[in-house]
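Undergrad: Single-letter residue listing:
Number of protein chains: 2
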Amino acid sequence: MQYPQPIAKLMDSFMRLPGIGPKTAARLAFHVLDMKEDDVLDFARALVSVKRELTYCSVCHHITDTDPCRICDDSSRDRSMICVVEQSKDVIAMEKMKEYTGLYHVLHGAVSPVDGIGPEDIYLPDLLKRLQDEEVQELIVATDPNIEGEATAMYISRLVKPTGIRVTRLAHGLPVGGDLEYADEVTLSKAIEGRREF
Amino acid sequence: MQYPQPIAKLMDSFMRLPGIGPKTAARLAFHVLDMKEDDVLDFARALVSVKRELTYCSVCHHITDTDPCRICDDSSRDRSMICVVEQSKDVIAMEKMKEYTGLYHVLHGAVSPVDGIGPEDIYLPDLLKRLQDEEVQELIVATDPNIEGEATAMYISRLVKPTGIRVTRLAHGLPVGGDLEYADEVTLSKAIEGRREF
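Chains as they are written, first to last, in the UniProt record's numbering: chain V, 1 to 198; chain G, 1 to 198.
If you are wondering where the hints come from, they were derived from the structure by calculation, not from laboratory data.
Intra- or inter-copy, both count: the list cannot distinguish identical chains.
Cross-link-like lysine-lysine pairs, in silico, DSSO-like; alpha carbons within 30 Å at most:
no. : residue 1 : residue 2
1   : Lys98     : Lys23
2   : Lys9      : Lys23
3   : Lys23     : Lys36
4   : Lys98     : Lys161
5   : Lys89     : Lys23
Computed from a predicted model, the values in this text were never measured in an experiment.
One chain only, chain V, in its complex shape (with noise of 0.2 Å):
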């Protein structure tokens, strides 16, 4: 005898998700057996209305429930500044931080040649188109600070530059709270290099 059925069948589900092999699998399904049913059946509900009720923006292709989404719909928000993410989890960072009043545009990936992942795989054209129909002045770039993230805003700021808007990319620096003795060269570099006067 192995596992009974249902719980096979679960920590096959379990063994879906990112970074859980079968050992974690096994001891979240008997985790589940063990919690109250009314939490089962919120988690069992919670699993398909993030699938059913959920969607993209059309707009800036930002998670919703609502499309527009509320970010877009937004009247008192700023029209002239759009911020270019990644991923959806990066605008969430972004509100976090209650000081950024623009729009977003959620390219859901970044440009990587290794992979085969071209500027038309992300939703780059359709920024692009955006910029022509809105009044927009400044495109603050804010893809991560890596290899993909770096060509890809490279390649924004070449495309979205002769057309006079403003292209701009998020600093880089010490992370606050950081140790200096723990930042590595790059990061050094670029903090010496955008050093300012006090």
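Here the structure of chain V is known, so what remains is to put chain G in place on it, guided by the hints.
TA: Only chain G this time, still in chain V's reference frame:
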């Protein structure tokens, strides 16, 4: 704006699982968003069916979808032996070995005075009742090799020995495939104590 409601709810459910914090919960929830709808529905169904279809065997307290469970109900099994384990997972580990043909008894815990868990809080009284009713000749105590497991094993052996039933304990020693240099002192001393002639 924080996470959209459905994502926040799903993150909440994930965070109730052991070893999953807010960051992992967010990663898993966003992964679910990108999964195929069928897979998500399967996942939700598996969760509910683990809770609804599985119960504990009224005889041995192992998880089961039939009562009594398939092991207790199997007439080909040796009814003169009962192996006492702490959890259902232990039964599954024993069954994987495919050598033991007796019955089981799952305690669902171990005696632990520090945590306020006494013999009455686990299925120990139930075990003693089974020993009176059934024609058991040997009780193999396979509780975990830690303080609580050893204490529980000792307690069981003191209670059962006077009845004339043979009480045995799994052997301690070096794990097969292990490295002598990495064995802790207690295991090593147990391995020497239990040494055998060729």
